[in-house]
Amino acid sequence: MKTRWFWIILTLATPLIIWFCLIMGSTGFGFPDTATFSGKAILDLRISRVLCGLIVGAALSCAGVVFQAVLRNPLAEPYILGVSSGAGLGAAIAILTGLSTFSGFALPGAAFIAAALTLWLVFLLASDGQHAPSVYSLILSGVIISSIASSILMFMVSTASLEGVHSVLWWLLGNLQPASPRILQATGSVVIAGGIILWLMSRELNALTLGREMAHHLGIRSQLVITLALAMATLITAAAVGIAGLIGFVGLIVPHVMRHLVGPDHRRLIPASAIAGGLFLALCDAIARRVMAPIEIPVGVVTAICGGPFFLIILRLKRKQGWVAS
Amino acid sequence: MSFALELKNVRAGYHDKPIFEDISFTVAAGEMTAILGPNGAGKTTLLRTLTGLLPPVGGEIRLFGEKLNRLPAAVRARLVGVVPQDLDTPMAFTVREMVMIGRTAALSRWSRPTAEDFKIIERSMVYTDVIDLQERPFSELSGGERQRAVIAMALAQQPKMLLMDEPTSHLDMNHGLEVMQIVERLNREQGLTVLMVSHDLNLAAAFCRRVLLIENGRLLADGPPATVLTEPILQQAYQCEVRVQNNPVSGSVVVTPVPRAWHDTTGAGRRIHVIAGGGAGEPILRALYLAGYTVTCGVLNQRDTDSDVATALGIECALEKPFSPISTAAMESGRALVQRAAMLVVSSVPFGPGNVINLELAEQAQAKGCPVFIRDDIESRDYTPDRQARSRTATLLTHGAQPWHDITDLMEKVRQCP
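In the order they appear, the protein sequences are chains R and W.
Numbering-wise, the working numbering puts 261 at position 261 of the first sequence, and it's gapless, one number per residue.
Numbering-wise, the working numbering puts 281 at position 281 of the second sequence, and it's gapless, one number per residue.
Hints listed in this document are in silico derivations from the structure and should not be mistaken for laboratory results.
Heads up, some of the hints might be wrong.
What the hints assert, rightly or not - Far from chain R, some chain W residues (derived; all Cβ distances over 10 Å):
| hint | residue |
| --- | --- |
| 1 | Thr51 |
| 2 | Arg76 |
| 3 | Leu186 |
| 4 | His199 |
| 5 | Asp308 |
To be verified - Just some of the chain W residues that point at chain R, by a computed CB distance under 7 Å:
| hint | residue |
| --- | --- |
| 6 | Ala73 |
| 7 | Ala74 |
| 8 | Met91 |
| 9 | Ser108 |
| 10 | Arg109 |
| 11 | Pro113 |
Since we're looking at a predicted model, the values are computed, not measured.
Glycine included, each C-beta is placed from N, C-alpha and C at the ideal position.
For reference, chain R alone in the conformation it holds in the complex (with noise of 0.2 Å):
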């Protein structure tokens, strides 16, 4: 087997990645002194952090893959369906209404509705009425919905105060530390639920690689496979991007670099990409708050920049072809 190798060293680099984060601090290097108060509350707020990035970088890849899956689409990520502007709205309410100052839910729990709320939209924009929504439609009408969000919150930013716009744009730049373990746990929830019933749908996801109605012929409900996949997708993003505001490239990189890696079959490629995601983005998020600190940088930026290069040459080897140019 030739993923075995890829297995192993996954194995071994979880836990060296996640002591590696849980070390890097924004006053320096080492575990900070668990016996003094301020120190185990330091500890506290960076393994929260760390699971944080866990749990949203393994939720944008495994989007990203069923998207790309179900799409048949190689630029498909996981705000395609306008999930994000959605979000960013949400959030951008939340904000100006000064909602968000009454309970740590607020936020994450607005733009976790109003991303759902975008789906519904879209979906409902899409279909006919007679038969489910055709993936072009879908793609087309998230494209409306998405464009008509961002002008609201255009509308929204310009006339907002000073303080407000600098909250709105702060959230929707990402940030990985939640404001509170209950929203981590309830955000973990639904992302390790929405992952396993993913995981479980792999052989359905796999023969709709080949076009919607050649997996009717071999005996799959399309329309319902379809519905749920991206439903299902959507409803993981959303809770990511809830906690964490808006973090690109994760969920459009990793599934393409996984898939060379351990090949196109979902059953071996979710998992892969969600452990591979979520390392991915609890490293990057280490590293945006070392770098310049005690400046944080939008852990986004950290996403791009580093992770660029480094999947391009894994991209470049070819070991295994993921994606077949065409």
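Chain R is already provided as a structure; the job is to place chain W on it using the hints.
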């Protein structure tokens, strides 16, 4: 007899525009049948309806006795495997992985494929001869290999019936034949029912014992290839003149479309008689026919190359039995043709004692005043003991017959003739 497929008064099509108003037929289990028809006749619509992709507007479709619209998807996949015209995936699946995808409906969501599943895909790959390609990426295969892999994938479903949508249309003749032979063997040895939609009349005729010809959303003919693929039926279906012959190797029906003469219609139906034989007349007959002349030919021996060509072109011939000298009776029918001809061409046919009598026809034509054209190299083709072909040709030439050198020259001279 148990039926694999029953269609009862099926109305099918898209939205408010039914392609089929009312179509009924049955396919017995174990049959190998082709659905033929011109572009736009509804072949693809019919296949999409049979696979359940397109729910019928009315009527009833039964698969092995079960109503198609009541069948759960997974059960349907174990009854019918579908081989599309061309399958593509953006993912780099290996052939083995692709064939395993064929087991999707049979596999449990909660467990790995069992040893039995591996045995099934192994067998499918052996049957379609892709076992040596199993580790190759599917997308890197050639067209023929790819189609065999797709058949292996369909076989991995362990279906009782195979529906194929123009499975050979992207393949060259060798690979098309290979694919059909695999399918034919599956049909013969495993009793797999095969129903294929095809454009290729000849391939369908060679492999299928029954063909359904559809045209404009209705069943035009149904039966063995020899009774369905006839000139009048095909001309009606395809709006095109065709010739039906038998394949000299397999004996199956071969359909050839006849090109219409678009450019040169100078012939305008003028009658022209050609003296030919041994293949000498072939290009002349064809050129004159395509230019729109009403061509007659003779006297020829049956089974002579020229007589085969003449038959294929639908040219009226005066015929003699094979390898026999030309008899008085055959000469009579030849004279009758020449009598009605406006011109006469003597091709580069070699003359011997058996056929030199044909020159009498040229003399007859000249006597009644119609132009005669004679190939100019009679010296090299005269095998009569007394050199009479040469002397008779000389006489014809002195009496006004025109010599011609090659086919362009001949066509030009014929065209200028009043």
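Consistency of the hints with the structure:
no.: 1; hint: Thr51; in the structure: violated, 6 Å
no.: 2; hint: Arg76; in the structure: violated, 6 Å
no.: 3; hint: Leu186; in the structure: holds, 17 Å
no.: 4; hint: His199; in the structure: holds, 20 Å
no.: 5; hint: Asp308; in the structure: holds, 45 Å
no.: 6; hint: Ala73; in the structure: holds, 5 Å
no.: 7; hint: Ala74; in the structure: holds, 4 Å
no.: 8; hint: Met91; in the structure: holds, 4 Å
no.: 9; hint: Ser108; in the structure: violated, 10 Å
no.: 10; hint: Arg109; in the structure: holds, 6 Å
no.: 11; hint: Pro113; in the structure: violated, 10 Å
In this structure, the hints that do not hold are numbers 1, 2, 9, 11, in rising order.
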